[in-house]
Amino acid sequence: MVDPIEFFGNHTFRMVFFGTTVIGLVAGALGSFAYLRKQSLISDVIAHSALPGALLAFLTAVVVLGVSGRNMLGLIVGAVTTGTLAALFANSIAARTKIRIDTAMAISLTVFFGAGMIVLRIIANGPFPGKGGIEDYLFGNASVITIADLATSTAVGALALILMLVFWKEFTLRTFDPVHSTVLGFRASVIDTLMFTTIVIAIVIGVQAVGVVLMIAVVVTPPAAARQWTSTLPGMVALSGAFGAIGSGVGAYLSIAVGNIPTGPVIVLTLFVIFLVSLLASPRRSVITTTLRRARARESLRRELLTETTDR
Amino acid sequence: MSTGPIACQTRNLSVAYRADPVLRRVHFSVPVGSVMGIIGPNGAGKSTLIKAMLGLVTPLTGTSEFFGQPLDQVRRRIGYMSQSTSVDWDFPTTVIDLVTMGTYGELGWIRRPGKAERARAMASLEQTGIPELASWQIGELSGGQRQRAFLARTLVQAPDLYFMDEPFQGIDAKSQQAMVDVLKDLRAQGKTIVIVHHHLATVRDYCDHVTLLNGSVVASGPADTAFTKENIRTAYKAREGAEAFLETAV
Amino acid sequence: MSFILGTSLLAVVTALACALPGAFVVLRRNSMLVEGIAHAVLPGIVVGYAFTLDLNSPWLIVGAALAGLLVVLCNEWLIRTGLLTGDAPQGLVFPALFAAGIILITLDFNHVHLHTHVVLVGDLNLAAFHQLVVNGVSIGPRYLYVMLAVLIVNVAFIAIFYPKLKVTTFDDQFAMVLGMRTKLLNTAFMFLVSVTVVAAFHAAGALLVISLVVVPAATAHLISQRLSVMLVLTALFAVVGALAGFWIAYVLNAATSAGMAVFYGFMFVAVAFIDKLAIRVRRYRRAEAASAGRPAGNLGIEGLLAKPRYAFAAQRRQEESGRRDGSAPAADTQAAE
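Chains as they are written, first to last, in the numbering used here: chain F, 1 to 312; chain R, 1 to 250; chain B, 1 to 337.
Be aware that one or more of the hints could be misleading.
These stretches of chain B come out as covered by chain R in the derived footprint (C-beta under 8 Å, 3 or more residues) [what the hints assert, rightly or not]:
id, segment
1, 169-178
2, 212-226
3, 244-258
Quick look at which bits of chain F chain B covers, simulated, 3 or more residues with Cβ under 8 Å [as the list claims (entries may be wrong)]:
id, segment
4, 36-45
5, 92-99
6, 121-130
7, 133-144
8, 218-224
9, 254-263
10, 283-293
By construction, these hints were calculated from the structure, which means they are not laboratory data. Fair warning: this is a prediction, and the values are worked out from it, not measured in the lab. No residue lacks a Cβ here, since even glycine has one placed at the ideal position from N, Cα and C.
Turn these sequences into a full structure, and let the hints guide you.
Written as structure tokens, this is what we have:
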């Protein structure tokens, strides 16, 4: 067990902590838009489908370019490519055939992830330099993040956040009024693409630290928790980002401190605790008080409806 | 109110979505042999009313009775024609299969629909005028043909009491005429029909009894006494469609 | 029985056991719920394995299946609270359960030795390792008989409840008015799916079992006009995919489930593509027939394989999008009607 003083005294650990915090912040903030547009599950498809892209980027770097396979920028480019392809594939199945979106997502997810697992096995079986620990893409391993990785993912994540802030008005309009904001004209599809791209970026920068299997939780859980505390979009994006950051930071710390536990699952459990607390204890939307309040209101309504009849 | 035998009635029926009342203290009864139109503006709770009566929505208060008995005793005498938009028309089944589903309530654990059931289904399709579509995949049907197939599925049960939710929605003139003919037949046979309808101008063509609904019952009874200008105005408040209708008709 | 024959038979039986209930999963739009179930059963499997030391123990299978059912019930409950929006309820519970399972494994809980790779995609060869020997003669992998039992249970369930499954899947409310216990049937069915997923875990892992459940049925749905035909085609696609996937995995030295998932995907795309082509050809022929004054019915064998004309596709899409808007469990805005 690494104690906090030792942890934060170590330059690498400190960077890892802040790096994963940034990832959680970006994913949480942008996940709000996926949540409010009721498309949370597509992030599961994108995350799983990032695997073949990340691995192909590794192979390309090693075999074709002859450089180190562990390049964060290459990973991001590869993962964004296959993640986007998978999401488009799912949407195109739902649009062109009688297969519904839930099944379309399942098909796309398994094809891309299955392909990823085959590539993973090819890499594992082959003589590729630097392939050790490549399986960490599955469940994440924050402790192997280098300063250079960190700089890249932070820069890319910041870019996504800046895009969100620059197009804040358009994002808001699209999120709350997808029908009427078509007055934006052709720009509606541009905004959709932009919003989608930022979400994909938010997902793939987490691949190294959280892993492709559980990244969905970092995108879905923080906004679901944040929604219980706030009703405004700025409040939700800020709080969701904060939850994502706390969950990821604490998760990364615990996984390194305890040692030998993949980072992703710890982050997911931390976030789930935040969600449970939000669901139970938020002042206005606590599941307990809401249920009680609703039951009481129904009961008084029932009594009112019954008593008035006897008067008749 | 009519004094003949009662096909179905509700007493003090209320439905709430969470804590918001949708229907308040609905009392109404449908005489045997009548065609009762449930009329009201959007959100008046028309569909909710028949869903609550049929146990698809749990009522907050009140009870419903059919031929003097609770629903479970008389299910076989009741037919329900749901809204055709409530199902997935890409479901892999043919029109004749769809109609045969109406007989599934009578089948026990072991029995499967056989020749007899399919023959009855075919007869129902003939009644609604679309026997030639029997082997079509249901997704191929037009809006009106879908409604006719749904009506046939209800007819095959040979119930005494029909509940129809917006049967004339999105329907072409030909299908409409075919369905009106069926309704007339049923009425001639002494069947009872409860029909959710929202097109004011045609109410008189189909219904001899009317229940005007807007969260609660505004008026209920024979069309002549219940379907009056004043009652319609109360039910619809100042809705444009109703105003236009009131200008020209009644 | 030779090892390769036993193992490929195991692949086929597993694929069939998963794919048949999958037909109803696809039609009921529960595909992503299976994703949740498949992840959620992991902690149940780990804890069960620690006590039974046997992935095929019936106690483990039923116990872990209850964890899968938990996801289904939690999802329904979270939707009912109205505090969450869209499909988020489906994505909240299963990652946490799965994460708990992974942590249990890495902490070496009760000395459970499950490699994470096996957890994700299974290992058919390992699963087929233990042979069942009767009178000194090997009659194939022991696990083959476990999956065979699951397959028989699934077939029996579908056969017994076929009319009820059909009508509740197509029109739940109509079935309720007929007096069917639709909720009970749904819960029983999802439990069976959960049992199947747990049983197939050894062969397909937590992540790719969803492919075995969903994709053959989705492929069959593309070209089926009747439910019975869809079930037969689902079985056919499952068998073909299992054998081809087994072969791909064998050649590439990869996990069988990964080979199957990829092949299933190609099969789906190929069938979708051929289907579109066939529609175009038929539409052209029909136009010709119409101009020649011949009737353009689709009865008989051609009707069995014929495709919807999509003449009303636009209208239908419109209706559906309206319906979806109305029926989506929009937590904050849903109206009663």
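A quick look at each hint next to the structure:
| no. | hint | in the structure |
| --- | --- | --- |
| 1 | 169-178 | holds (count 9) |
| 2 | 212-226 | holds (count 4) |
| 3 | 244-258 | violated (count 0) |
| 4 | 36-45 | holds (count 8) |
| 5 | 92-99 | holds (count 5) |
| 6 | 121-130 | holds (count 3) |
| 7 | 133-144 | holds (count 3) |
| 8 | 218-224 | holds (count 4) |
| 9 | 254-263 | holds (count 3) |
| 10 | 283-293 | holds (count 4) |
Violation of the numbered hints given earlier is confined to hint 3; every other hint is satisfied by the structure.
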